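Next come the chains, spelled out residue by residue.
Number of protein chains: 2
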Amino acid sequence: MHPLAERVLKGDVRATARLLRAIDDRVEGWSEVLASLHPHTGRAWVLGITGNPGAGKSTLTDQLIAHYRRAGLKVGVIAVDPTSPFTGGAILGDRIRMQRHALDAGVFIRSLATRGKLGGVSRSTADSVAVLDAWGAKIVLVETVGVGQDELDIARLAHATLVVMAPGMGDEVQAIKAGILEIADLFAVNKADRDGADATVRDLEMMIGLGHELTHAGAHSLHHHHQGLDLEAMKLKIAAEEWLPPVVKTVASRAQGVEALAEAIARHRAHLASTEKGERRRIERAREALRVVFEDLLLDEARRRLAGPIEAAAMQVAGHAVDPYSAAVALVARFGQGA
Amino acid sequence: MHPLAERVLKGDVRATARLLRAIDDRVEGWSEVLASLHPHTGRAWVLGITGNPGAGKSTLTDQLIAHYRRAGLKVGVIAVDPTSPFTGGAILGDRIRMQRHALDAGVFIRSLATRGKLGGVSRSTADSVAVLDAWGAKIVLVETVGVGQDELDIARLAHATLVVMAPGMGDEVQAIKAGILEIADLFAVNKADRDGADATVRDLEMMIGLGHELTHAGAHSLHHHHQGLDLEAMKLKIAAEEWLPPVVKTVASRAQGVEALAEAIARHRAHLASTEKGERRRIERAREALRVVFEDLLLDEARRRLAGPIEAAAMQVAGHAVDPYSAAVALVARFGQGA
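Same order as they appear, the protein sequences are chains A and B.
End of the first sequence = 338 in numbering that gives the first Met the number 0, gap-free, step of one.
End of the second sequence = 338 in numbering that gives the first Met the number 0, gap-free, step of one.
Isolated chain A, as found in the complex (with noise of 0.2 Å):
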């Protein structure tokens, strides 16, 4: 095993910085590293945190680091901003508003600015899990600002997510799609002294009860079709089967609900375990895992091996010779017979 990969699975901080960087900047090597350190990985508990931006995830992120340090655990925290174009002050007042952990060495605080980088924020997400996992982090918090594809793809690297909402953002809870009900496991409405927070609160709880009734009407028309079954059974197992994401009212900045917060954290994680949906769960982040490493490096080795006829095609494409579909069939079954 590499020397670093050695210090990290120690519990080191700076080698572990040290590996996030050369992961970032691709160094040579720096995949078989991250590979050895995998069958020692897979002790951390992930959690998504995910919302809009002013719905104070940062500063709830920072309470909950507080709370699992009481309890004595290892935080590994990473804060995704894949929109940095525009918003680059995000990242700097994440780090401002964690800055008293930044001595504590139990905490191990991660800034993503993802922007422009080869395989995208999903990868180097997942990369950076894998690695506070190996370094002893016994929760990771992943916080990311809600912005389409790649708040998905993270929340199916996590395994749990918690989407932050405030109140009074109007139709927040309407704009709400379908795909956040998806991933989210929990709810926090933060800022919940403010006017209007029992309105969020019993809006996302019925946006909740009517998916839930929604996804199980399949079961229950089944369940009431099926007389001759054990439907006391069959009762029970859909109960136990069943999350009802709950909604949970925090006020971050004054610490309001952070443990009734955890708590829930807590019960989902049980829930998890003690059903078929942790297994699942389980099977469902290796596959993501797999998957955004290698659409990366697919992508890499094509770019590489094709660099030439890619060039060449594109200037066919500029002279109007060729249609750019065309082009890509031709390339790919090309890559595809090991040009």
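Don't read these hints as lab results, they were simulated from the structure.
These numbers were taken from a predicted model, which means no experiment stands behind them.
Yeah, the Cβ is synthetic: ideal placement off N, Cα and C, and Gly gets one too.
Don't take every hint at face value.
Below are the DMTMM-like pairs computed for lysine to aspartate or glutamate, each with C-alpha atoms no more than 20 Å apart in a straight line [as the list claims (entries may be wrong)]:
1. B:Lys276 - A:Glu262
2. A:Lys248 - A:Glu258
3. B:Lys9 - B:Asp103
4. A:Lys73 - A:Glu262
5. B:Lys73 - B:Glu258
6. A:Lys276 - B:Glu310
Simulated restraints, written as ranges between beta carbons of each label pair [what the hints assert, rightly or not]:
7. B:Glu278 - A:Arg302: 19 to 25 Å
8. A:Asp24 - B:Arg302: 26 to 32 Å
9. A:Ala329 - B:Gly307: 22 to 28 Å
10. A:Leu102 - B:Ala198: 34 to 40 Å
11. A:Asp24 - B:Asp24: 37 to 43 Å
12. A:Glu27 - B:His1: 32 to 38 Å
13. A:Glu27 - B:Met314: 29 to 35 Å
Fit chain B to the given chain A structure using the hints.
Just chain B, lined up with the frame of chain A:
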């Protein structure tokens, strides 16, 4: 040629809408139809319009539509919203704002909500631009929200990029990163009737000047070191090749500054036509159009052909029998050898 393609080339709005939907739904054969249109494209001028949410991009876009319609040009509009999970309201807003053009057969407005789409926003945008070009648009406005990598990719598909800002957004200008300076050909300071508009213009112009000096420092020192060369000719050449992004003040809600902005856009277009930059930009656009299709097709093909092995590898990763990196390397090798 496919009958649908023929109708698109004749400017049939319904056929164009149908083809765009077919592309969206990845209907069998759509790519071939698109490919057959390619020889008939390249006539539309593509203007990317980007900037922070709240800067008034949609209102300004609406005014630019009106301007080009007064000039008798067919206008295509693509409103890209890659941020849908949390900002689902944005698209609806765009549609409402541009509604007044809905009955104008010379305007085609397309909303792209690309979350979860295979190939992502770049591919969909490139395809939509090609279709609107074939439909007969003389100008295609591509409006995007400022959210990272997609932004930059889309800029590469455009002939020119307009960055819209609003005054009084505090650190906005300072938060702008080099990436934006690289892609911006024009700036609009919209809502210029608000306090701080002049300061924002000043800050922008200072930043542009600074960026310009840094970029051209090399050229100037070269200039000084080759006294034997024709200095005057070189100066003229530098002057002709130079383009300092102009900063135009607008109040889109009252149609102020729109003519001046359109004039700046026209000047930029003339600048490209009169320098080698135009040709370079054309090749860059072709390269980008090819890249998005190629990467999309390659990933599609790999997922399809390796579905079984990928799933088997994911199970091994889940069982910690292999790490994601080693599994991915094996899958890439397998695909590259025609497996």
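Hints versus structure:
At roughly 60 Å between alpha-carbon atoms, lysine 276 (chain B) and glutamate 262 (chain A) are farther apart than 20 Å, so this suggested pair is violated. For the proposed pair lysine 248 (chain A) and glutamate 258 (chain A), the alpha carbon gap of about 11 Å is at most 20 Å, so the pair holds. The straight-line distance between the Cα atoms of lysine 9 (chain B) and aspartate 103 (chain B) is roughly 16 Å, inside the 20 Å bound, and the hint therefore holds. Between lysine 73 (chain A) and glutamate 262 (chain A) the CA atoms are separated by roughly 18 Å; this keeps the pair inside 20 Å, and the hint holds.
Distance hint between lysine 73 (chain B) and glutamate 258 (chain B) is fulfilled; the C-alpha atoms sit about 18 Å from each other, no more than 20 Å. Restraint check for lysine 276 (chain A) and glutamate 310 (chain B): satisfied, since their Cα atoms lie roughly 18 Å apart, inside the 20 Å limit. Restraint check, glutamate 278 (chain B) to arginine 302 (chain A): a C-beta distance of roughly 24 Å satisfies the suggested window 19 to 25 Å. For the pair aspartate 24 (chain A) and arginine 302 (chain B), the supplied restraint of 26 to 32 Å holds, since their beta-carbon distance comes to about 29 Å.
For alanine 329 (chain A) and glycine 307 (chain B), the hinted distance range of 22 to 28 Å is satisfied, since their beta carbons lie about 26 Å from each other. Taken as a hint, the range 34 to 40 Å holds for the pair leucine 102 (chain A) and alanine 198 (chain B), whose Cβ atoms sit roughly 39 Å apart. Range check, aspartate 24 (chain A) to aspartate 24 (chain B): Cβ separation about 41 Å, and the 37 to 43 Å hint holds. Range check, glutamate 27 (chain A) to histidine 1 (chain B): Cβ separation about 49 Å, and the 32 to 38 Å hint is violated.
Separated by about 30 Å at the C-beta atoms, glutamate 27 (chain A) and methionine 314 (chain B) satisfy the suggested range of 29 to 35 Å.
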